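These protein sequences, in sequence, are chains Y and U. According to our numbering, the stretch in the first sequence is residues 1 to 586, in order. According to our numbering, the stretch in the second sequence is residues 1 to 492, in order.
If you are wondering where the hints come from, they were derived from the structure by calculation, not from laboratory data. Be a bit skeptical, because a hint or two may be false.
A short, non-exhaustive set of chain Y residues, derived as facing chain U with CB atoms under 7 Å [claimed, not checked]:
hint, residue
1, D12
2, P13
3, A36
4, T126
5, N262
6, D313
7, M497
8, G501
Keep in mind that this is a model prediction, so the values were computed, not measured. Each residue gets a CB set at the ideal place from its N, CA and C atoms; glycine is no exception.
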Amino acid sequence: MTLLFALACTQDPIVVGAKPFSEQRILGEALRTLLAHDGERVAPLSVCEDTWDCQHRLQSGELDLAVEYTGTGLALLSTEEYGTDLERLRAAYGPLDVVWLEPLGFDNGYEVLVPDWRAVTESLATISDLSQAGPVRLAVPPEFVRRPVDGLSPMSRRYGMQLEEPILIADVGERLAAVVEGRADAAIGYTTDGALGATALVPLEDDLGFFPAYEAVPVANADRLDAHPSIARAADRLAGELDDRGMQALNHQVDVAGYAPNVVARRWLREEGHVEGPGLELSAPAGLVVDPTDGLEAQVEPARAALRDALPDQPVRLVEGDPVEALASGEARVAVMGAERFFVRTRAGKVERREELIAEAVVGTRLVHLLRPRGATGEPATIGTVGSESGAAQVAALAWPQAEVVGRAGVEELLADVASGDPDAGLVLMEAGDPRLTDAVTAELELVPVVAPRNTDLAWLRPARILAGTLPGQTGSVDTVSVQVLVASASRPSGAMLSAGPVAALPSNPRPLDREAAGALVEALATAELPDPVLPRAAATVPTVEEDHRLLDTALNVLVLAFLIALVRLAFGSITPVEEGDRGAV
Amino acid sequence: MRLDLFRVATPICAIVALIGILAPDLLTSAAQWITGTSFRALDWFFIASVSGFLIFSLALALGPWGGLKLGKPEDEPEFSTLSWLSMLFSAGMGAGLLFWGAAEPILHFADPPVGPGGTPEAARNAMVITTFHWGLQAWAVYAVGALVLAFFAFRRGTPYLAGGPIRAAYSGRWVEPVAWAADLVAVLAVAFGVAGSMGMGVLQLHTGLNVVAGVPMDSTLVAVAILVVLVGAYMLSATTSLDKGIRILSNVNMALAIGLMAFLFVVGDTSFLLRSFVQAVGDYLTGLAPRSLTLFPYSDNSAWLEGWTLTYFIWWIAWAPFVGIFIARISKGRTIREFVLAVLFAPTLFSLLWFAVFGGTALHEELYGMGGVADLVRQDVTTALFALLERVPMTLALDVICLVLIFIFLVTSADSATYVLGMLTTKGSLDPPTRRKVAWGITLGAMGAALLLSGNVRAVQAVAISGAIPFTFVLLLQCVALIRVLREEGRS
């Protein structure tokens, strides 16, 4: 009895494996959760390099359980024929000590994806259509090139597709992005891909029926399956529980919303009643704040993607509002905003820099377009901007302190009002040639030059030029100033006590990014331009002169040593008799 | 003529709380400058002092003075040994162990000082590091602080003021100003320490209520409402003669905490927990000497050491005036040997067991279970306890029990804080006027509200820790005071 008990305790934990993509991780975590719920000890999810690695480790007993796809399973076995016959799979894998259990219910096959505009303009509907459209630049997962039966070369042979050098990208999201950005003509995707709904890509029909079905099936090591009946129980509970759309929705929660696979898996199991108990969710998604009147929509998506890289497994939520306030309250971890928001005009009229924010990276540059009715002279007394709290309004307030700043709802309304003389001038903060401005500007208005201020407080307004012809009817180039668009976050506290340890672990507002996350954010944004040196930047990115503490430190050390020497003298020196009255009762 | 401590201490508390609301950054950066400078220049001094307290207390216990009684020769202990030990635990553990019990091992597991996180090796080290922070060193600080006060109070009739032993043992013109400064530092350390732990406790209660009842997480109103109930509860007991009730409540709470630990121990992987306990004891004992004096002078790990180890050590020093008075008061009639050995080893062993169960359960969940606790803790440390309880049966009942536990711990510790602060600011009167206790109760409540409204518990903890740095010197002076009277007694 005691021996049995000891044996049960020292048994190895069950190892669940997954290939390196979200769907596999979610399913692996779901299986682990069910096993743990059944009282088994389970090891952390073991992520394989690829299909071969997974199969090899399953056969060797290094992995106990994984999820494999029928089409893949057959493709691995033979180089001539494939199909989806589960019985044939079971027979073929029996000698390898791998058992195929019951299918989960969905089919995650390969598909060829093209941009929706190409599908429409070139009427591409099938893979055959694409093959006839000329040589194809195909973005593929590295594994697809190696697959002998259902991979790249058999597919191109079957369809007679002419291929350029394939672009190997392991990450699904990046692969799809390559097509959206035009670096590839088409990409190999998966039918249950969670990111698919969010991109402008459409799948092409496999009109020659090249791809087999890829039904997801839990596969287990035969010996361990016999030793642990809970493995079969866990797998059976998921049999038939997920259809294509269900799986796609779960993938979407990881790939797009940004939740960790284990969170998604556990939430799904709880909702479906497979495990009970209240679910403790991740406290709050990390906020990304942008002021909707700033017109920075184009910069938000890259920033969101970068923030997701910086805070893996944490969902990201878009917050609309004042970036400075949202960062200060901790509602947002990161903001997309112009350099102007780093500055504030004090009551005394001085321009001061906010120190509670830091500029992490530059994501764009916008130009000040100051528009007035043709022939208007003198300093403008009123300047109109889109929104009264927008970045443009702040630029106007900081750079034209004597003018009154008035807000308007949109560019067109603003320009119409400027044309009719109220306000005197309109300030539009946009990239050169932004269609939102070029389409709205009318012949009654002209760009007026803006002189870069000499004032060092306003050095972040950098000299720039709007070239001739940028706006309709603009004959010469016009000097103006430019303002950087930045990804900003709350400034990080310096010093040891606040960067590690029990005090640093306590919740606080604002919630700065830690050094590691900020590094990942900047790397993910991969911008060449650096934030203007007048902007507050993270200590790590600024070459600082190491402060010389030696004098202070030496003085403190000498004082403490003197104190210690005095202590020793007090302890072992002669004891002066204390007066009887002070002594109290002995 | 000495300045009335109360008239100096309360305005300081009020001003610091006000700065905490209006300019929390200023407060944290000032506190950071003080700790940063002292840690950078004097880390060796703090580490050596805390280890020195351990050696000093052991030397007293095992040396020739070990047989001396804390009291007159005929004094007998007031409490039975068992109830004395249990009071020791509850003085030292409080809400802190519930807050950090699962959180700290998990944080070290996820981000270890050396090597990669999330590995079995990191788990083993996490347990050692945590027990090192909560082990003998912490209790050596308390033991020294309490022993000096008890010895002077029971043998010399000195009041329980931090400056008391200094006044009694030294002579010279420097004594009175230094003693007065020591009194003030002690008052501020107690006030800020308790306010900070109230803030932490309220945040944890808030998270717990969110888990149990779904109250909104981002509402300051809820946090303030919790604080108001808390202040109401301890004010009630401070102003009425509910003292006895509070004492019973405190014992019940202790039993509940032990029951909770026992439950986790039984429903969890018991043999794993026992193994991790034995392993932690072994690693702790073998690593104690080298770890006690590790300063990383030749590598770049000083930020970790300052952030964790030094901060914890100073934290214990900040609590020494408070816990010291409590322990001193219940220890009349014990010999020095008995006192030191009990105060050092019993709570340390209990802490080891506590962290082995709470931390061990959390680590087991990470290594062999569903995982995901570390992610939660890294995002919000207040979720640690509830994330852990979610993984064991009867979650809801346990959550509620924990909420009750935390609440009562906070009430009892704030109740004693108003008493201790009242005492410290009335020249050590053992029966401070209710008016003064109320005044301190309100001050503590206002400080708690300030730091909740500003969302900056961190700022007050930083202030509490930086304010305790001078108390290290006070403790050292007290030790020497004790040596002097012991020598004197040995002569007579």
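Now for the hints, and whether the structure bears them out:
Interface restraint check for D12(Y): the shortest CB-CB distance to chain U comes to about 10 Å, outside 7 Å, so the restraint is violated. With its C-beta approaching chain U no nearer than about 5 Å, P13(Y) sits inside the 7 Å limit, and its interface hint holds. Residue-level restraint check for A36(Y) holds (minimum Cβ-Cβ distance to chain U is 5 Å; threshold 7 Å). Against a cut-off of 7 Å between C-beta atoms, the interface hint on T126(Y) is violated, since the closest Cβ of chain U lies about 44 Å away.
Interface restraint check: N262(Y) against chain U, minimum CB-CB distance 5 Å, threshold 7 Å, status holds. A hinted interface residue such as D313(Y) counts as satisfied when its beta carbon comes closer than 7 Å to some beta carbon of chain U; here the least separation is about 6 Å, so the hint holds. Annotation: M497(Y) was flagged as interfacial toward chain U, and the flag holds, the nearest CB pair being 5 Å apart, inside 7 Å. For G501(Y), the shortest C-beta to C-beta distance to chain U is roughly 3 Å, which falls under 7 Å, so the interface hint holds.
Hint compliance for this structure: hints 1 and 4 are broken, all remaining hints hold.
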